[in-house]
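Asks: Chain by chain, the residues:
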Amino acid sequence: MTALVVASPLVGRELAHLSDEALIALVARRDEAALAALYDRFGRVAYGLALRVLRDKSLAEDAVQEAFMAVWRTADRFVAGRAKASSWILTFVHRRAVDLVRREERRRAEPLDDAPEVDVAPGTDEEAWLRLRRERVQSALSKLPDQQREALELAYFGGFTQSELAERLGQPIGTIKSRMFSGLARLREILDETETEPWPTTHSTT
Amino acid sequence: MANDALHDLTPGYALDALDESERAEYEAHLATCEQCRDELARMQDTVGALAYAVHSPAPPPELRSRIVGQARAERGNVVPLRPRRRLTYALGAVAAAAAVVALAVGLWASSLSSDLDEQRSVVSILADPQARQVPMQGGEGRIVVTDSGDAALVTAVPDAPTGKTYEVWVFEGDTPKPAGTFDGDKAHDVVRLTRPVPAGAKVAVTVEAAGGVEAPTSPPVMSAAT
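Protein chains in written order, with the working numbering: chain A, 477 to 682; chain B, 41 to 266.
Take the hints with a grain of salt, since some may be wrong.
Some chain A residues flagged as far from chain B (calculated, every beta-carbon gap over 12 Å) [as the list claims (entries may be wrong)]: (1) G557; (2) H570; (3) P621; (4) E640.
Derived list of chain B stretches under chain A, where covered just means 3 residues or more per stretch with a C-beta under 8 Å from a C-beta of chain A [what the hints assert, rightly or not]: (5) 90 to 99; (6) 102 to 115; (7) 211 to 218.
Derived from the structure by calculation, the hints contain no laboratory data.
Quick caveat: nothing in here was measured; it's all calculated off a predicted structure.
Here a beta-carbon is modelled for each residue, glycine too, at the ideal position from N, C-alpha and C.
Use the sequences and the hints to build the structure in full.
Replies: Here's what the structure looks like:
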């Protein structure tokens, strides 16, 4: 991932060895190089997520910037061991994106975009890794019952509230809650089953 | 709303699929319900995996410098010179700040098992703004020492040879005292020292027989004067 290293002059070799949790602890100490290192690890997936929800590059950048500033301001409240550091960061990104999309009324209901990537051959380790992981999560999603997948996708990527989903799908709210609950539980099982090795939290820089 | 109904909001909250009043109600509930906090934490990791289901084009390079620049500006207690492109962004700031606090309190600041206390104490050392950081000489690592002498070693070393371990030493005067062992089998090790580090004390790491010894038998692979 030479390109990223070149683009990341603040990140010394030392930080590359640290866990996500240790980086967050350094961010809590106001270490901006650690914040940059977290951005290098998760900025891309954060931007992809925000872009999917918002469908607007400028708004997606806003959401990512605001989310990382939230990480910067509240890193001292992160409790290691609760949920993963990556989940913590992506929670901020998604929350910002959803809040923005509701305000902008930009919500879209299309299913996941399965269009092939333009760059068929991933140019960097990071792209290869992201593609691998995307295929794995998409494959897990495809194994869900249609109604559960639909509920998860409309809620998470569409930004709809569960009440809106109930109205949109013509189902009682209890049914929607139940689909989301079962969908998440089943997705977790499938992801656990297909987990042959721990997902790396960092990308090799060599 | 009855408690059961609030429990039922957990998946909706994890997916950000609640409206504002439901969200507020659930967060208030979360502060008092350990069960929901546990369930939510599990769901958050599954939801986090969902984020990887979509294409992730590279963000514009200037986004990184904007974020680092804003962080630097805020650290310096200076009003950030952030490019303001959209009104909605400013309007959202207050709501975002409230959500941030709720997330931080509701999701993460809950009680932990003793197994995690160790991790938390390490993190509290690393997160202590008053703590001193001293690079280790001779190897890749640094020692972080709080004002009260609590210390953690963050290091990246090769695996200890079979039958061996790394042992940390804190010097009392000229006498090294054992302060914990680690195997070096992770990409990085974060080691909570079992002994306080007084100001100015020397800290060293040697390779010793597995299980550790009472006095070092080999020259240090790295050391630092704190």
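Asks: Now, for every hint given, state plainly whether the structure supports it.
Replies: Hint check results:
Annotated as non-interface, G557 of chain A brings its C-beta within 12 Å of a C-beta of chain B; the closest such distance is 4 Å. Some Cβ of chain B comes within 12 Å of the Cβ of H570 of chain A; the nearest lies about 6 Å off, and the non-interface call is violated. With a closest Cβ-Cβ approach of about 15 Å to chain B, P621 of chain A is found to remain outside the 12 Å limit, as its non-interface label requires. Not every CB of chain B is more than 12 Å from the CB of E640 of chain A (nearest about 8 Å), against its label as outside the interface.
As drawn, the segment 90 to 99 of chain B meets chain A at 10 residues by the rule of a beta-carbon pair under 8 Å; at three or more, the given contact holds. For a cut-off of 8 Å, the count of residues in the segment 102 to 115 of chain B with a CB near a CB of chain A stands at 10, and the three-residue condition holds. Here the segment 211 to 218 of chain B counts 0 residues with a CB under 8 Å from a CB of chain A, which misses the bar of 3, and the coverage is violated.
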